[in-house]
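Number of protein chains: 2
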Amino acid sequence: MSTRQPVPAASAIGLRIRRGQRLRIIDPVGGQSGDLMAYSADASERLSNGRSFDYAGKIYFSSGDVLWSDRSRPMLTIVDDDVGRHDFLYAACSAQMYRIQYGMTQYHANCHDNLCAALRELGVDPGPLPSPFNLFMHVEVDADGRLRFLPPKSRAGDAIVLRAEMDLAVAVSSCPASTCNDGATARALAIELLDD
Amino acid sequence: MSTRQPVPAASAIGLRIRRGQRLRIIDPVGGQSGDLMAYSADASERLSNGRSFDYAGKIYFSSGDVLWSDRSRPMLTIVDDDVGRHDFLYAACSAQMYRIQYGMTQYHANCHDNLCAALRELGVDPGPLPSPFNLFMHVEVDADGRLRFLPPKSRAGDAIVLRAEMDLAVAVSSCPASTCNDGATARALAIELLDD
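Residue numbers (my numbering), protein chains in the order written: chain A, 14 to 209; chain B, 14 to 209.
Quick caveat, the hints were computed from the structure, so don't treat them as lab data.
Keep in mind that this is a model prediction, so the values were computed, not measured.
Check before you lean on any hint, since a few could be wrong.
Pairs count within a copy or across copies, as identical chains cannot be separated in the list.
With a cut-off of at most 20 Å between alpha-carbon atoms, the simulated SDA-like pairs for lysine to any residue come out as follows [to be verified]:
id	residue 1	residue 2
1	Lys71	Leu160
2	Lys71	Gln34
3	Lys166	Gly44
4	Lys71	Pro19
5	Lys71	Ile113
6	Lys71	Thr192
7	Lys71	Asp208
8	Lys166	Gly77
9	Lys166	Asp138
10	Lys71	Gln114
11	Lys71	Gln109
12	Lys71	Tyr115
13	Lys71	Glu153
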C-alpha cells in the first residue's frame, strides 16, 4: 500500500509512522531541498545529528546509514537513496535566520516554524527543535572546515527511502531558502508511506 | 579579578557568567578534552552547533568566532585560543554511548549526565541536552565525510578564553572518554572567570 501526498512548497506536513514502515520522500522537480524531523511516538526521543555522527563515524549519510535518537536508539535507516548527498549539519532555517542572513524585515516562511507546527498537529510538543536531516541539501566541508552550499544533486523524481526503527512522529518540509535550492524559489516535495 | 577553580577529572562544574565576563578554560596537563554547555540565564536559549555552523559558515572554531544560541543570538565569542582546534559535531558522551561503543555493562561517568547535573545545580532544567562545544577535542573530517579522532592539540597550560555575550548559565566538564584524550584516563581541567 502506498499513499502519496504532496509537501507543498515552503510548507511542512506531519505524519505518524509505525516501526517497519518506510517513508519515501521524492523531489518531483529536482534541486529542491527539505527537512526531515523525527520524534519517538511518545515524544521522549528526538533525532540527533551529534549521536548519528558519533555512531556512524561520518557526517554524510546515504543508503545503509542509521539516524539515531538523542537517547542512542536507531530511529530511521536509509534503505534507498537516488541522491547520495544530504546535510545533517545545519539547523532548520528560521525567521531570525532570514533576518540575519537575507536582511528580511518581515516574517518569512521557514522550516523551523513549519516543522514545529506540523509536529504540534500530531500532538507532539517539539520543545527546542534539534537539527533536522536536511534532505537533498548539498553542503561540502572544505579541509579547513569551511562550509559551501552547492546545488542539490537531486534530479526530477529522485527519492530517498527511510525505514522506521521505532514508532515515530515525523515532519517533512519543503525548504523556502533559495540558497539551499540553487537559487530557485521553493517547490513541492512529495512523500509516500510504504508498508512492510 | 580572577578565581581559578578545578574541573575535576571526569566531572563537571557549573557557574553563572555575566555579559562581558570572560571564561578561561585551561588544560593544565595537555591532551585533555572537555565539554562546554551554555544556556541563557533564564534558560530560554541554548548553545546551538547548527546555528553556529550556519552563521560562521564553518565547523571549526577558534579566536574571533562566535557561538550562537538556538534563537540566533550570540552567546559566546572566542577571544583567545592557544589550541586552534575544538569540535562542535559530537553529542556529549553518555551512559548509552559507553555501552554501545565501549561495551560497558555498568554505569560509566559521562559528560551528558555531568553537564546536566551541573546545570541543575544552577537551577537550570536542561531538557534534552544539545551538542556541547567539545573543548580541545580534535576531530578531522575527511573529504568523504568520515570522522577521525586525533590526539588533542592542547599542551600543558594551553587555554581558550570565551567572552559572554549575554548573561549565561554555563557547565564545563572534563571528558572521561579515552578516545577523545589520546587514550589517556581523564585528568582535571581548570577554569578562571575574568571580569571586564
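Each hint, compared with the structure:
Taking the closest pair of Cα atoms, Lys71 and Leu160 come within 20 Å of each other both inside a single copy (16 Å) and across two copies (5 Å). For the homomeric pair Lys71 and Gln34, neither the shortest alpha-carbon distance inside one copy (25 Å) nor that between copies (36 Å) is at most 20 Å. Proximity of Lys166 to Gly44 under the C-alpha cut-off of 20 Å is restricted to the intra-copy arrangement: shortest distance 6 Å within a copy versus 40 Å between copies. When the C-alpha separation of Lys71 and Pro19 is checked against a cutoff of 20 Å, the pair qualifies neither within a copy, at 31 Å, nor between copies, at 33 Å.
Only between protomers do Lys71 and Ile113 lie at most 20 Å apart by alpha-carbon distance; the minimum there is 17 Å, versus 30 Å within a single protomer. For the identical chains of this complex, Lys71 and Thr192 are inter-copy neighbours only, at 16 Å across copies versus 24 Å inside a copy, given an alpha-carbon limit of 20 Å. For the homomeric pair Lys71 and Asp208, neither the shortest alpha-carbon distance inside one copy (29 Å) nor that between copies (40 Å) is at most 20 Å. Taking the shortest Cα distances, Lys166 and Gly77 sit within 20 Å of each other inside one copy (19 Å), while across copies they are farther apart (34 Å).
Proximity of Lys166 to Asp138 under the C-alpha cut-off of 20 Å is found in neither arrangement, the shortest distances being 33 Å within a copy and 41 Å between copies. In this assembly of identical chains, the alpha carbons of Lys71 and Gln114 lie at most 20 Å apart only when taken from different copies (15 Å versus 28 Å within one copy). Only between protomers do Lys71 and Gln109 lie at most 20 Å apart by alpha-carbon distance; the minimum there is 19 Å, versus 29 Å within a single protomer. Taking the shortest Cα distances, Lys71 and Tyr115 sit within 20 Å of each other only across copies (18 Å), while inside one copy they are farther apart (30 Å).
With identical chains, the CA atoms of Lys71 and Glu153 are at most 20 Å apart both within one copy (13 Å) and between copies (10 Å).
Consistency with the previously given hints fails for numbers 2, 4, 7 and 9, ordered from lowest to highest.
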